[in-house]
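Chemist: Taken in sequence, the protein lines are chains A and B. In terms of my numbering, the first sequence has 580 at position 142, counting the first letter as 1, and numbering is strictly consecutive. In terms of my numbering, the second sequence has 270 at position 211, counting the first letter as 1, and numbering is strictly consecutive.
Hints are not guaranteed to be accurate.
[Unchecked claim] Just some of the chain B residues that point at chain A, by a computed CB distance under 7 Å:
| # | residue |
| --- | --- |
| 1 | Pro388 |
| 2 | Met409 |
| 3 | Glu411 |
| 4 | Leu420 |
| 5 | Ile426 |
| 6 | Phe431 |
| 7 | Ser460 |
| 8 | Ser463 |
Worth flagging that the hints you see were computed from the coordinates, not collected in a lab. Backbone N, C-alpha and C define an ideal beta-carbon position, used for all residues, glycine too.
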Amino acid sequence: MKNKEDKVEKIESTPAADGDLNKSSGGTAVAQKTGFVQKVVNAFKNFFAREHLKEFLRNHIYDICALGGLIICLIIFTIVPGRHPRDGKLLLWRPQTVKALISQVSVYFILAIGAVFIYLMGCMDISVGYQVGVFAAVFIIVANLSNLFVALLVILIMGIACAIFNAYVGAYVKLPTVMSSVILMQLFNGVLLSMYGDKGVNSYSLTMDLQAVVGSTWFRVIALVTLALIAFYFLTFTKVGKRSRAIGTNKRAADLAGANLLATRIVCYIIFSLFLCFGAVMLISRSNSVASADTTSYQMDIMIMLLMGGMPLSGGMKGKLFNAIVGTFTYVLLNMGLTLCGVEVAYIMLVKSAVFVTIVCLTCRKPGNLLPR
Amino acid sequence: MEFENRELIFKASHMHKAFGPTIALKDVDFELHRGEIRGLIGENGSGKSTIMSIAAGMQTATSGEMFYKGQPWAPKSMLEGQNGGIAMILQESNTIPGVTVAENLFAGREKEFARFGFINILKMYKAADAVLAKFNITAFKGSTKINTLSFETRKLIEIIRAMEKDPEILVVDETTTALSFDGREILYGIIKDMAEKGKAVVFISHDLDEIMDKCTHVTVLRDGEIIDTLEKKDFDAKKISTLMVGRDIGDAYYRDDFEATAGEEVELEFKDVTYQGIKDFNLQVHKGEIVGIGGLSDCGMHIIGQLAFGARKPTAGSVERRGKPVKSPSKAIKSGIGYVSKNRDTEALMLEAPIKANILLPSLDRISKFTFISPRTENEIVEQEIKNLSIKCHNSGMYVSKLSGGNKQKVSFAKWTAAKSDVIIMDCPTRGVDVAVKQAMYKIINDMKKSGKAILLISEEMAELIGMSDRLIVMKDFKISHEFERSKDLKETDIIEYML
Numbered sequence: 439m440k441n442k443e444d445k446v447e448k449i450e451s452t453p454a455a456d457g458d459l460n461k462s463s464g465g466t467a468v469a470q471k472t473g474f475v476q477k478v479v480n481a482f483k484n485f486f487a488r489e490h491l492k493e494f495l496r497n498h499i500y501d502i503c504a505l506g507g508l509i510i511c512l513i514i515f516t517i518v519p520g521r522h523p524r525d526g527k528l529l530l531w532r533p534q535t536v537k538a539l540i541s542q543v544s545v546y547f548i549l550a551i552g553a554v555f556i557y558l559m560g561c562m563d564i565s566v567g568y569q570v571g572v573f574a575a576v577f578i579i580v581a582n583l584s585n586l587f588v589a590l591l592v593i594l595i596m597g598i599a600c601a602i603f604n605a606y607v608g609a610y611v612k613l614p615t616v617m618s619s620v621i622l623m624q625l626f627n628g629v630l631l632s633m634y635g636d637k638g639v640n641s642y643s644l645t646m647d648l649q650a651v652v653g654s655t656w657f658r659v660i661a662l663v664t665l666a667l668i669a670f671y672f673l674t675f676t677k678v679g680k681r682s683r684a685i686g687t688n689k690r691a692a693d694l695a696g697a698n699l700l701a702t703r704i705v706c707y708i709i710f711s712l713f714l715c716f717g718a719v720m721l722i723s724r725s726n727s728v729a730s731a732d733t734t735s736y737q738m739d740i741m742i743m744l745l746m747g748g749m750p751l752s753g754g755m756k757g758k759l760f761n762a763i764v765g766t767f768t769y770v771l772l773n774m775g776l777t778l779c780g781v782e783v784a785y786i787m788l789v790k791s792a793v794f795v796t797i798v799c800l801t802c803r804k805p806g807n808l809l810p811r
Numbered sequence: 060m061e062f063e064n065r066e067l068i069f070k071a072s073h074m075h076k077a078f079g080p081t082i083a084l085k086d087v088d089f090e091l092h093r094g095e096i097r098g099l100i101g102e103n104g105s106g107k108s109t110i111m112s113i114a115a116g117m118q119t120a121t122s123g124e125m126f127y128k129g130q131p132w133a134p135k136s137m138l139e140g141q142n143g144g145i146a147m148i149l150q151e152s153n154t155i156p157g158v159t160v161a162e163n164l165f166a167g168r169e170k171e172f173a174r175f176g177f178i179n180i181l182k183m184y185k186a187a188d189a190v191l192a193k194f195n196i197t198a199f200k201g202s203t204k205i206n207t208l209s210f211e212t213r214k215l216i217e218i219i220r221a222m223e224k225d226p227e228i229l230v231v232d233e234t235t236t237a238l239s240f241d242g243r244e245i246l247y248g249i250i251k252d253m254a255e256k257g258k259a260v261v262f263i264s265h266d267l268d269e270i271m272d273k274c275t276h277v278t279v280l281r282d283g284e285i286i287d288t289l290e291k292k293d294f295d296a297k298k299i300s301t302l303m304v305g306r307d308i309g310d311a312y313y314r315d316d317f318e319a320t321a322g323e324e325v326e327l328e329f330k331d332v333t334y335q336g337i338k339d340f341n342l343q344v345h346k347g348e349i350v351g352i353g354g355l356s357d358c359g360m361h362i363i364g365q366l367a368f369g370a371r372k373p374t375a376g377s378v379e380r381r382g383k384p385v386k387s388p389s390k391a392i393k394s395g396i397g398y399v400s401k402n403r404d405t406e407a408l409m410l411e412a413p414i415k416a417n418i419l420l421p422s423l424d425r426i427s428k429f430t431f432i433s434p435r436t437e438n439e440i441v442e443q444e445i446k447n448l449s450i451k452c453h454n455s456g457m458y459v460s461k462l463s464g465g466n467k468q469k470v471s472f473a474k475w476t477a478a479k480s481d482v483i484i485m486d487c488p489t490r491g492v493d494v495a496v497k498q499a500m501y502k503i504i505n506d507m508k509k510s511g512k513a514i515l516l517i518s519e520e521m522a523e524l525i526g527m528s529d530r531l532i533v534m535k536d537f538k539i540s541h542e543f544e545r546s547k548d549l550k551e552t553d554i555i556e557y558m559l
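Here chain A stands alone, though its shape is the one from the complex (with noise of 0.2 Å):
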């Protein structure tokens, strides 16, 4: 047998009448090996481009909107809440103001670069905050009774049986999966219900001093970009994060193209709920402790935030790590920054339900282009 490289080289160029375009313009044609500076003139130009300026901003107008409102979200913050009466500083940039801010940003940032994984493919999750509620308060349970190696690992065996439900209900039984989560969040309401409210309980608490070990803010820091690195690896230069895009886009040619939907769909659920699991115990982290009420709403913010973001929700190829960064900060931005403004809790509600309408009305216009079809 021949060597198979020879066999593709072997299918020359077609003699029809195309390929004009190939030379005349295009960025590919550019790149000549002229050294790396002209490489670089080169790559501007091509950038700057009209057509394909024009074609960048086609592709990324959801990406370009989103920076531009948490810049945005970051000029008003920093202006109207004004300065501290005492020390004068900007109230937003006051080292306190930002411990909180990272400090709520940790939990939200592991879930929803978690959640990537999983919107990528055109899937939703309703279940989020109940999960995270209950693995918090099993790794209390069980971190008091042994320790934390043990804990970390009741909760990832946890994490992976849900995972596995997610994609098996999704493949098999043919429902959407947002179905299967709604399961899960009945029965983890149930399982939060008898582990507080049936025992009279508000909150668990480790015996031992988990803030103390990973609490401090540049640990939390450094968490937040591994793990955001760690995704972005997956998600770029993987088959896993190549072939949810895929299934995002087009499951039926994916299916076709060797992109087997339950394997994928197992693998992403997966990483998911790994994160989940981290997004538990940075939770923890935060006061050694988990109440009832912390993280129920977990669910509906993720989404938003990724809408934020400029997630696409049916999933495909606009979906990217840069989303859920932006959307957090954003999201959290707008929460603190109005608090920081004296505004009151229930107008924050009443402010964020408007920012969702408005991304909701600006994007869902034309057909799947943000929600799913």
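Starting from the structure of chain A, add chain B where the hints point.
Modeler: Below, chain B without anything else, positioned relative to chain A:
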């Protein structure tokens, strides 16, 4: 001359259309007369569909004006176009799934059957049956659920829906390839009838033989410009294709050899496969062999393609690749099988994704090393494929939805050459592509054969099967009705005898 005596029904002058930087129509003047069956022919992206979709109100021109029955004409939507009398049947499927034939036929006209806000569904079924009877269709009724009908039959319903409004101009855009044999005959009947009644038909197609056979005039377009309009007496296949492509494409079209050749090794084998109507189907595809399968669209040949790829599981028997059964598409790909689906836009390609992502998808397993897929390897493969198959694009990040039909098809070929598949199943690989692209495709297929790939070529085009296959299998009612060896003397009529 007869051509000038007829009454002018539609005229477009200085029509210009641009999609961003791409210019689809350049200052086009187009006239259509009553009683004409006008063929529009040109390569993919030559603008032939664009002219008529503007006339029918599907999109608007960037500049220029149109006149219809002597009046200025600028429809803002397809509905407005239809109500004015210009109906267009599109290439893509356009029926509403999940409801009945009658509801599809009278979509948007439910009011005619309503009383006190309730729709009299029985009355609607009756009306639909009457319409179907008018077109001599008895195979299904108004109350039939559309999902139980084949893709081909649904297309027929679209045609009837368009005709129900009694249009003055009927535009048929690449529809015949999506119709069954009977459906085609019905459509030809409608077209002829319209021309005789002094209306006009515009027939957009890639099929030169069909255009030459059915049309009274043909207009050739190239790169958004009208090159020439010929009358029936001047029709000449060679001349028209030269006008289309802009150069002589020569005689090399199908394979130039007439000898059936194949390797010894069996690359793919059907062993007593049973699935739905198919019973105990046996077939071997050898290394370096092109096995053609032909027949009517519902003879079971498309199912054979899906079975070969593991996209359907046989109820008995097995499809084997080197002694191992093919169980699923992903396992098929791992064992070196590729599949070019008939439904290009829904099954073969991810339209809302870059060319790069499409081409690489089946190769991911091959190029992934310890979970890592190197962007450099990716780019190398994609650039190579784009070059080898001459895919017309700005860069590999361009979305497939922005490509023309022929280039889309090239991308779906590139997926499997990139994956280095040894067995390639092609289901109607040249559907909806023009002569020049077809020629390129045939060359690719022939090169694949020469490099030792085994090819299962499923097609509804007899000429293509005769021109390319080493062995030609004709199917009828889910069975092999005859097998031909490659030969210079094989004629379409020989095959059709075993198809019907």
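Chemist: Does the nearest C-beta of chain A fall within a distance shorter than 7 Å of the C-beta of B/Glu411?
Modeler: 5 Å, holds
Chemist: Would you check whether B/Phe431 satisfies its interface hint, that is, whether its CB is within less than 7 Å of any CB in chain A?
Modeler: 6 Å, holds
Chemist: Under the criterion of a CB-CB separation shorter than 7 Å, is B/Met409 in contact with chain A as hinted?
Modeler: 4 Å, holds
Chemist: With chain A as the partner, please determine if B/Ser460 meets the hint condition of a C-beta pair closer than 7 Å.
Modeler: 10 Å, violated
Chemist: Please check whether B/Ser463 passes as an interface residue: C-beta within 7 Å of a C-beta belonging to chain A.
Modeler: At 10 Å from the nearest chain A Cβ, B/Ser463 fails the 7 Å test, so the hint is violated.
Chemist: Return the status of the interface hint for B/Leu420: holds when the least beta-carbon distance to chain A is below 7 Å, violated otherwise.
Modeler: 4 Å, holds
Chemist: Measuring from the C-beta of B/Ile426 to each C-beta in chain A, is the shortest one below 7 Å?
Modeler: Hint on B/Ile426: violated, closest Cβ of chain A at ~9 Å, above 7 Å.
Chemist: Just to be careful: measuring from the Cβ of B/Pro388 to every Cβ in chain A, is the smallest value less than 7 Å?
Modeler: Holds. Min distance 5 Å.
In the structure shown, a violation is registered for the earlier hints numbered 5, 7, 8, in ascending order.
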